[in-house]
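**Q** Working from the sequences, and respecting the hints, build out all of it.
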Amino acid sequence: MKKLINKPEEVVKEELQGIELAHPDLVKVFYDPDFIVRVDAPVKGKVGIISGGGSGHEPMHGGFVGKGMLDAACPGAVFTSPTPDQMLAATKAVDGGAGVLHIVKNYTGDVMNFEMAADLAKEEGLEVEAVVIDDDVAVKDSLYTAGRRGVGLTVLVEKICGAAAEEGRSLKEVADLARKVNSLGRTMGMALTSCTVPHAGKPTFDLPEDEMEIGIGIHGEPGRKRMKLQSADEVVEMLMDPIISDIPYKSGDEVLLFVNGMGGTPLIELYVLYRKAVEVAEKHGIKVVRNLIGPYITSLEMAGTSITMLKMDADLIKLWDAPVLTAGMRKGI
Amino acid sequence: MKKLINKPEEVVKEELQGIELAHPDLVKVFYDPDFIVRVDAPVKGKVGIISGGGSGHEPMHGGFVGKGMLDAACPGAVFTSPTPDQMLAATKAVDGGAGVLHIVKNYTGDVMNFEMAADLAKEEGLEVEAVVIDDDVAVKDSLYTAGRRGVGLTVLVEKICGAAAEEGRSLKEVADLARKVNSLGRTMGMALTSCTVPHAGKPTFDLPEDEMEIGIGIHGEPGRKRMKLQSADEVVEMLMDPIISDIPYKSGDEVLLFVNGMGGTPLIELYVLYRKAVEVAEKHGIKVVRNLIGPYITSLEMAGTSITMLKMDADLIKLWDAPVLTAGMRKGI
Amino acid sequence: MVITRDDVIDWIKVYAQLLVEKKDYLTDLDSAIGDADHGANMNRGFQAVLSKLPGMEDQDIGTIFKTVGMTLLSTVGGAGGPLYGSLFIQAGKAVSGKMELTLADWADALEAATTGVVSRGKAVLEDKTMVDALTPAVEALKESVSKGLSLSEGLKNSAKAAEEGMIATIPLVARKGRASYLGERSAGHQDPGATSSFYLVNTAFKTWTNSHK
Amino acid sequence: MVITRDDVIDWIKVYAQLLVEKKDYLTDLDSAIGDADHGANMNRGFQAVLSKLPGMEDQDIGTIFKTVGMTLLSTVGGAGGPLYGSLFIQAGKAVSGKMELTLADWADALEAATTGVVSRGKAVLEDKTMVDALTPAVEALKESVSKGLSLSEGLKNSAKAAEEGMIATIPLVARKGRASYLGERSAGHQDPGATSSFYLVNTAFKTWTNSHK
Ligand SMILES: Nc1ncnc2c1ncn2[C@@H]1O[C@H](COP(=O)(O)OP(=O)(O)O)[C@@H](O)[C@H]1O
Ligand SMILES: Nc1ncnc2c1ncn2[C@@H]1O[C@H](COP(=O)(O)OP(=O)(O)O)[C@@H](O)[C@H]1O
Ligand SMILES: [Mg+2]
Ligand SMILES: [Mg+2]
Ligand SMILES: [Mg+2]
Ligand SMILES: [Mg+2]
Chain D
-18 MKKLINKPEE
-8 VVKEELQGIE
2 LAHPDLVKVF
12 YDPDFIVRVD
22 APVKGKVGII
32 SGGGSGHEPM
42 HGGFVGKGML
52 DAACPGAVFT
62 SPTPDQMLAA
72 TKAVDGGAGV
82 LHIVKNYTGD
92 VMNFEMAADL
102 AKEEGLEVEA
112 VVIDDDVAVK
122 DSLYTAGRRG
132 VGLTVLVEKI
142 CGAAAEEGRS
152 LKEVADLARK
162 VNSLGRTMGM
172 ALTSCTVPHA
182 GKPTFDLPED
192 EMEIGIGIHG
202 EPGRKRMKLQ
212 SADEVVEMLM
222 DPIISDIPYK
232 SGDEVLLFVN
242 GMGGTPLIEL
252 YVLYRKAVEV
262 AEKHGIKVVR
272 NLIGPYITSL
282 EMAGTSITML
292 KMDADLIKLW
302 DAPVLTAGMR
312 KGI
Chain B
-18 MKKLINKPEE
-8 VVKEELQGIE
2 LAHPDLVKVF
12 YDPDFIVRVD
22 APVKGKVGII
32 SGGGSGHEPM
42 HGGFVGKGML
52 DAACPGAVFT
62 SPTPDQMLAA
72 TKAVDGGAGV
82 LHIVKNYTGD
92 VMNFEMAADL
102 AKEEGLEVEA
112 VVIDDDVAVK
122 DSLYTAGRRG
132 VGLTVLVEKI
142 CGAAAEEGRS
152 LKEVADLARK
162 VNSLGRTMGM
172 ALTSCTVPHA
182 GKPTFDLPED
192 EMEIGIGIHG
202 EPGRKRMKLQ
212 SADEVVEMLM
222 DPIISDIPYK
232 SGDEVLLFVN
242 GMGGTPLIEL
252 YVLYRKAVEV
262 AEKHGIKVVR
272 NLIGPYITSL
282 EMAGTSITML
292 KMDADLIKLW
302 DAPVLTAGMR
312 KGI
Chain P
2 MVITRDDVID
12 WIKVYAQLLV
22 EKKDYLTDLD
32 SAIGDADHGA
42 NMNRGFQAVL
52 SKLPGMEDQD
62 IGTIFKTVGM
72 TLLSTVGGAG
82 GPLYGSLFIQ
92 AGKAVSGKME
102 LTLADWADAL
112 EAATTGVVSR
122 GKAVLEDKTM
132 VDALTPAVEA
142 LKESVSKGLS
152 LSEGLKNSAK
162 AAEEGMIATI
172 PLVARKGRAS
182 YLGERSAGHQ
192 DPGATSSFYL
202 VNTAFKTWTN
212 SHK
Chain Y
2 MVITRDDVID
12 WIKVYAQLLV
22 EKKDYLTDLD
32 SAIGDADHGA
42 NMNRGFQAVL
52 SKLPGMEDQD
62 IGTIFKTVGM
72 TLLSTVGGAG
82 GPLYGSLFIQ
92 AGKAVSGKME
102 LTLADWADAL
112 EAATTGVVSR
122 GKAVLEDKTM
132 VDALTPAVEA
142 LKESVSKGLS
152 LSEGLKNSAK
162 AAEEGMIATI
172 PLVARKGRAS
182 YLGERSAGHQ
192 DPGATSSFYL
202 VNTAFKTWTN
212 SHK
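Chains as they are written, first to last, in the working numbering: chain D, -18 to 314; chain B, -18 to 314; chain P, 2 to 214; chain Y, 2 to 214.
To be clear, the hints were calculated from the coordinates, so they are not data collected in a lab.
Please note that the accuracy of each hint is not assured.
[What the hints assert, rightly or not] Derived coverage of chain Y by chain B (criterion: at least 3 residues anywhere in the stretch with Cβ under 8 Å from a Cβ of chain B; other residues may be distant): (1) 93 to 104; (2) 180 to 189.
[To be verified] No more than 20 Å apart at the CA atoms, straight line, and that leaves these computed lysine to any residue pairs for SDA-like: (3) Lys312/B / Ala303/D; (4) Lys24/P / Glu(-9)/D; (5) Lys9/B / Leu273/D; (6) Lys(-17)/B / Asp214/D; (7) Lys(-17)/D / Ile195/B.
Note that CB positions come from ideal geometry on N, CA and C, so glycine has one too.
**A** Pasting the structure below:
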């Protein structure tokens, strides 16, 4: 295992210490339980927005704490959902009197831990709503699975809801907005290589030099199918087709197109993919009106990509364009 | 070779097409010769700033074209200096009547190609100054080498000179500022893995599973020495010591600390490194007053890091904090 | 023959020790159909439990179980945290105030524990989860109680049933948790959570039988 | 026996063809002590030259050389671009207007070419660069001319000298270009630029000797 770390057990703590030292203008970091809050939290009268999940997806979520996005993030161990005490403490820390929204990615662990935190918070008299994000079209959405995973769309939900909260919308409005975004966005990912979880010490899966996995998530979990390497253009088609046909997006739709790097994929490749993704969208009459290109929701050093499309309307565009000041995303401030 | 590309020969063109589609609000892209210019170039009365170099270091340089940073970037083939006709055309495109500064990383190819471009531009009556960046302490600066390489500091020079040009400083002032920054900053890098140049198709060097290279550049070139893997903290000490003793930085100095990812290193590790780097700086009485953490000058998918320290003063801090609006770095706009 | 408070503490200690040994194996199982962290998660949780044991030693068994559960809840994370947390918290409620357990008490405790897991995670039998190891163990215990078998025989039966349940997860297609994303590709692999649950039941058998030999 | 304009065009075509074959080898050499692009760079440049050849065919040799040089300058990039660009541009200046070359003309051309490379890159002998292949080739040509040797003998001597110069780069520690960053670690590897320069001189020998057999 080749990593720039000290001990696997210390990675998350030391990362938090690094974040604390790096961004005292943006965030405060708390330990035991671990969470990161916006430096000026709680913001009085504003809905607080919290997300969290396993570490290893940086900049998500800790890098999105700040004005215009998240009020707090709760990092778990690498790829392991955080625990309810973290979310409870973070909820209390960001409650400005207008209630707190939990943005939860749809994984059994995340959902259960957030649920317990919300129950505890409600018992203490706090107003909490939770929205579960499940945008991954790689997973069959059936009664016989844990449902679709929450992946790339989460970044967009956090940005858009963060802007809405900043505008002064109510908890119900922001939660409904999160559900709306969740209903309008879809993602599909693929990997060229596995990642290595620090405490596991070896790649989660072995992928021969001439093969790739289609339909991977963000935890080094294997995908739905394995196949021979294809060109960038073919990969884009394989990712875009199931996205477009799922909602389904239709001619005339305006979308935000998000080409995400999984951590080990150079930016130069993401632009090559973006070029083709726009072409595919246009072939369907879909107009790309906003975009996001880069490693925003990663899977450690995995080489691969995910593509997210989100149907936009005037309100979503306004919220997307609103100012944001975080370590991982910045606009207008 | 596992890459999300189509043909190796097409990577740079297709990347440029992606950039053109993604950022029409920020840049215009020209082909044959290839270069990227700020959408509002030439800015009348402002010194134009150009940089360029081989591709594969994204977001540098193309991602730094925009208000407050570069007026144009000239991308060569992967890891290959661009050609004089690119720099000549870019120089003409950004000349707003106040002259053009070429920011050149110190590699034989880059220096020669930029020199020829500057000569041609001068023959056409343009006012051009060139500053060569050579901040890499891994290379012995002797008469018997091509001198030190230009690495991480280049990003900081581009940001700071971009702000100075935006302020309306003269070509001479901006060029002197670039030289000043170059004299106050030092970088050292290391790699855990090699990168693979697309047209080479295989890793540039082989690094056993338990070894790392210290003193690498940004082109997959081997470093100065190879050794057994060490912990993150030890790596930071190995990179910081030669930096601190080179200028030498002294107790009381205020610095910008830049922990750069080489492309394949997750952000979580960069924060672990940053934490230790601050500790080492403080042990020497050096105060970190600004920072930059992330993959800004990369070497394709190489896993590794470089650390840059730049001695700051009030003017440099003001210029560093000034607004910038590019795809790869954004503040205040 | 009863299970004393010391037996319970021993059980937890031995299980924590076993997790240190089995950590990599559990993680390997989780690599195949999950995200390669089940071993590390369980180990982190039980190391935390170990460090809290000194404070628990003069509590009743119900309180001990609840403290273990709360500790797991705040240290394990992932799916394992709430599930093993609920398991111990519900077991604790079932034997609240008791200073020793009969086989029947233990059957009640593990039944409540399993119900806790099921109501938290909504898994049914053959979803390829820890429930597949726990449910047969509970049934074996209850049957042993109703047949009037000895403590050690009852424990043995439950361990055997848990083991069979664990092995029976191999061919299953997962319908809960992370492995369910794999669809058909999840078949052919043993479930990590069923494995750690088998260890739990098996460690009870081994530790408590040993102390009553 | 002289080198005709067609010979010159043939030489360039054969060299471009050879680069297609040797591309990976040159890149391998550049991987060891550089950045793994010399083969791709040279190949890209000479493919561009090939595509411009039709327009050059009725020009004088000086113009042909200059056009090749300008094309390389705008397509090769890296160190190779300005160096091989200068090489051809300066060679072109030396034989400006000529429609055929004697051995003495060719010696002048290659000397001017080498001087062009040296004045652009500031390398001296034994810096482990293409100069180490070119300089001995020029000397061998000049000596052959002064001894009154035939065209084919002169070309053969120059190819042999270039080859020896190329091989002699192996033990050297680089003092110019990217390989110099490696310090002592650059010793033991053959310089890629010296290799592509040897091919250039050797292709002249082979092509022109063939056409005059
Ligand atoms: N809904 C569920 N009900 C019961 N057990 C479950 C459920 N979901 C997952 N599990 C169990 O949890 C185990 C995985 O735990 P762990 O790896 O610690 O968490 P995560 O899946 O969050 O990484 C699975 O092997 C399975 O036995
Ligand atoms: N200053 C110089 N003078 C002469 N030749 C040089 C000089 N620097 C580099 N070279 C030659 O250039 C070759 C490398 O060319 P290439 O790989 O195309 O460019 P780059 O080094 O920019 O990647 C070296 O092998 C060497 O022969
Ligand atoms: Mg997990
Ligand atoms: Mg090069
Ligand atoms: Mg797991
Ligand atoms: Mg090279």
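**Q** Take a quick look at whether Lys(-17)/B and Asp214/D sit within 20 Å of each other, Cα to Cα.
**A** Holds, at about 14 Å.
**Q** Take the stretch 93 to 104 of chain Y, compare each residue's beta carbon with every beta carbon of chain B, and decide whether three or more fall closer than 8 Å.
**A** violated (count 0)
**Q** Under 8 Å between beta-carbons, do enough residues of the stretch 180 to 189 of chain Y, three at least, approach chain B for the coverage claim to hold?
**A** holds (count 5)
**Q** Compare the distance between the alpha carbons of Lys24/P and Glu(-9)/D with 20 Å, and conclude whether the hinted pair is satisfied.
**A** holds, 17 Å
**Q** Within a Cα-Cα threshold of 20 Å, do Lys312/B and Ala303/D meet the stated pairing?
**A** Answer holds: Lys312/B to Ala303/D is near 14 Å, not above 20 Å.
**Q** Are the Cα atoms of Lys9/B and Leu273/D separated by 20 Å or less?
**A** holds, 18 Å
**Q** Is Lys(-17)/D within 20 Å of Ile195/B, Cα to Cα?
**A** Given pair Lys(-17)/D, Ile195/B holds - Cα atoms ~14 Å apart, limit 20 Å.
Comparing the model with each numbered hint stated earlier shows that hint 1 is the single one that does not hold.
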